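Chemist: Go ahead and model the full structure; you've got the sequences and the hints to work with.
The sequence shown begins at 58 in our numbering and counts up one residue at a time.
Think of the hints as simulated: they come from the structure by calculation, not from any bench. Honestly, I wouldn't trust all of these hints.
Unchecked claim - Straight-line Cα separation of at most 27 Å, DSS-like style, residue types lysine-lysine; simulated pairs: (1) 315 - 367; (2) 297 - 655; (3) 651 - 295; (4) 295 - 655; (5) 496 - 526; (6) 476 - 127; (7) 412 - 367; (8) 496 - 412; (9) 315 - 690; (10) 465 - 127; (11) 496 - 127; (12) 526 - 476; (13) 496 - 476; (14) 297 - 651.
As the list claims (entries may be wrong) - Ranges of calculated distance between the beta carbons of each label pair, as one might list FRET restraints: (15) 127 - 654: 38 to 46 Å; (16) 658 - 558: 28 to 36 Å; (17) 684 - 610: 28 to 36 Å; (18) 463 - 606: 46 to 54 Å; (19) 699 - 135: 55 to 63 Å.
Only a predicted model underlies this, so the values are computations on that prediction, with no experimental measurement involved. Glycine is no exception: its CB is placed at the ideal position from the N, C-alpha and C atoms.
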Amino acid sequence: MPDYNNNNNNNNNNNSTISISNNESAAGSTNPVSTPRKAPPHTTTLSRGRRSARVVEHDPVVAPGYGTRKDLHRLAADLSSRAGVVTVAAVEAIMKARGRGLRGNSNTPHTDQDAPSNAPPASSAWADFMADEGVSSNNNNNTSNNGTGKGPRPQSSTRASGANANKTQNVTKSPGTQRDYELPILSAYTFHGTAGTHGNATEPAKKKAKTPKQNTQQPGYTLLQAGTLDSTIVGRVKIKTPEPYHLMVPTRIAMDRKFTKIFTSCNAVHSIAIDEAGVAYGWGRNESSQLGASLPNVVVLPTELELPDKVVGAALGKSHTILQLADQSLWAVGANKAGQCGVRVGTEVIPNFRKCVVPESVTIVQISCGEDFSVALDSEGYLYSTGSSEYGQLGNGETGEYFIAANKLGFANCNVFTKRSVFCHTPGENAHSSNAKDKVVPLAEDVRIQSIACGKHHVVAVEAPSDQKPRVFSWGSGDYGCLGHGVQADEYFPRMIGGFINTPLGNNKDVVVTAGAHCSLIRTSNGHVYYWGKHRPVGEAVMRPQLVDVLANNQHDVRHFAAGAQTVVCSTSLGQTVAWGQGPHGELGLGTPKSSAKPSFVSALDGAQVMDVVCGYGHTLYLVRGETPEDTKIIAGLAELDLDSVQDLIAGAVGVK
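Modeler: As structure tokens, then:
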């Protein structure tokens, strides 16, 4: 079996171990700091099995002032704004024009010592950029030198010199033109009149609708949980003798109220549920105050959280929580060592809910959290991220890596939600061709997103609906092929997955994404599920997106799905639920703490209409409909939690902080 713990990119050639310490950057900054600052006392270790993100290959000088290709990408990202994206080609043309603007031509001499004897090849990118800004030129000397390429220049291109200096250099075009997106993106947390909640079933917005009509009267559902209620043992102790609070089948745990939304993640041992009145309830592990400092380290059952307004959505990381309130504001609590709470403070723990720093006039419609970073999506389809950049998961093109000492590395993280607008692709890539040496170039067009999901250290996003086939992007850690590019290599910019080029996504525009710790899944509007990565400790990884044919071949119409730390769960429109993966704490709901290599029916939920499902670390949550007499009969037959059996667990948790 291949060793998937070793990346194909082996930039660490020595056998020494490098100690790494997280460091927080200035507000809103994601660039590597040039002067090392004092590092926090806590350090982590980077094993030689994972490649360093530091670039060791020669990056040729392509711009005046010894500017490299990476410098051009970074400058283009910094110059981009909500009004539009400044392409790398435009930045390169600006730099090479040396202040001459539109009147620059090949006859203007250079004065810098590092410049070639002749002018660089002309490009239309500068003229295109100035035209977009409303600036025109009456000088016709430029017309003969205008190129036809409008996309970014290939990374392998170098400055022309000698006889070739006056020739127009070919520029690689990005595929397609600017797409006509269906905006705004609807909130993933608002009920749109369809069966589903935060992102598992959405209704496409009316094209260019100014104010989408949304029915906020969402019915409440019955909350079920499979897996242990003892959050202290998850990932630490193996269950030998199941206790009553180790729920081997989906069990009702809050019989006195109904809930509209449920949230957890592959990284989280805690959960959030929102009831019909917009009140948030939390339970699970609270050792880092991810549920608030007023609660004990272990919260066994759903407990009300105190917030200034009604709650409409949430996202959970390993040790932090972000909630969205009815006024669209974001509030965070818990661990903040890497800046993952996005509150613009350098404290390692946010003990009580604090408002996140989000750009003004931005309406957030979806949030998702990885282990120590957070990603947000606004109504215009733009991405914002904050937190750790160690694996490139912020999508800003770098890891923020810098030297603290001779043998220690730190990472300049981000502590406020910052816009990310550069998306990349590999020219000529398709479903069966990709390798670590393929050139990745930025897309010229402005890309908008409709759905996001975070794994442990990676992110997957689906393009917003448009008149063309939606594209899927991924970035961050590439362990076990969870990015879908066919290689185990990290990506620092959102990169288009070539494996979806030949899939029928064009006829299934309502596409939703979810992510496990080291795997990713996409569900199309026709109920098909694509999977890549790995969620079990045994077996081989799936390096490219593959259709889960055991579901498609049996005509299962998947309506809701989720991935956890080691589990995957899918629920169909016919009331059938399947699960597979590892179940040491009963999270599969199969009746025993066992694993399943293939999708297995969760017999306890036969006939139950699951309206939502989320998978955490050591537990799985369901919302089950109870509207019809048949629904009521099925719910009555489900297992109920015996509160007396968990009193000792509750008593042991009270007061522990």
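Chemist: Take the hints in turn and mark each one as holding or not.
Modeler: Do the hints match the structure? See the list:
Taking the CA atoms of residue 315 and residue 367, the gap is about 16 Å. The hint holds against a cut of 27 Å. In summary, the hint linking residue 297 to residue 655 is supported, as the alpha carbons are separated by about 24 Å, within the 27 Å threshold. Taken as a hint, the residue 651 and residue 295 pair is honoured in the structure, with Cα atoms around 12 Å apart against an allowance of 27 Å. With a C-alpha separation of about 22 Å, the suggested pairing of residue 295 with residue 655 holds against the 27 Å cut-off.
As the CA atoms of residue 496 and residue 526 are separated by approximately 23 Å, the hinted pair is consistent with the 27 Å bound. At most 27 Å may separate the alpha-carbon atoms for a hinted pair to count; residue 476 and residue 127 meet this at roughly 19 Å. Taking the CA atoms of residue 412 and residue 367, the gap is near 14 Å; set against the 27 Å cutoff, the hint holds. Taken as a hint, the residue 496 and residue 412 pair is broken in the structure, with Cα atoms around 40 Å apart against an allowance of 27 Å.
Distance restraint check for residue 315 and residue 690: the Cα-Cα separation of roughly 17 Å lies within the 27 Å cut-off, and the hinted pair is therefore satisfied. For the proposed pair residue 465 and residue 127, the alpha carbon gap of about 24 Å is at most 27 Å, so the pair holds. Note on residue 496 and residue 127: the hinted pairing holds, with a Cα-Cα distance of about 13 Å set against a maximum of 27 Å. A distance of roughly 24 Å separates the Cα atoms of residue 526 and residue 476; the hinted pair therefore holds under the 27 Å criterion.
A distance of roughly 24 Å separates the Cα atoms of residue 496 and residue 476; the hinted pair therefore holds under the 27 Å criterion. Restraint check for residue 297 and residue 651: the C-alpha separation of about 12 Å stays at or below 27 Å, so the hint holds. About 43 Å separates the C-beta atoms of residue 127 and residue 654, a value consistent with the hinted range of 38 to 46 Å. The supplied range of 28 to 36 Å is met by residue 658 and residue 558, whose beta-carbon atoms lie about 34 Å from each other.
A hinted range of 28 to 36 Å for the beta carbons of residue 684 and residue 610 is consistent with their spacing of about 31 Å. Range check, residue 463 to residue 606: about 52 Å between beta-carbon atoms, so the 46 to 54 Å window is met. The hinted range of 55 to 63 Å is satisfied by residue 699 and residue 135, whose Cβ atoms lie roughly 58 Å apart.
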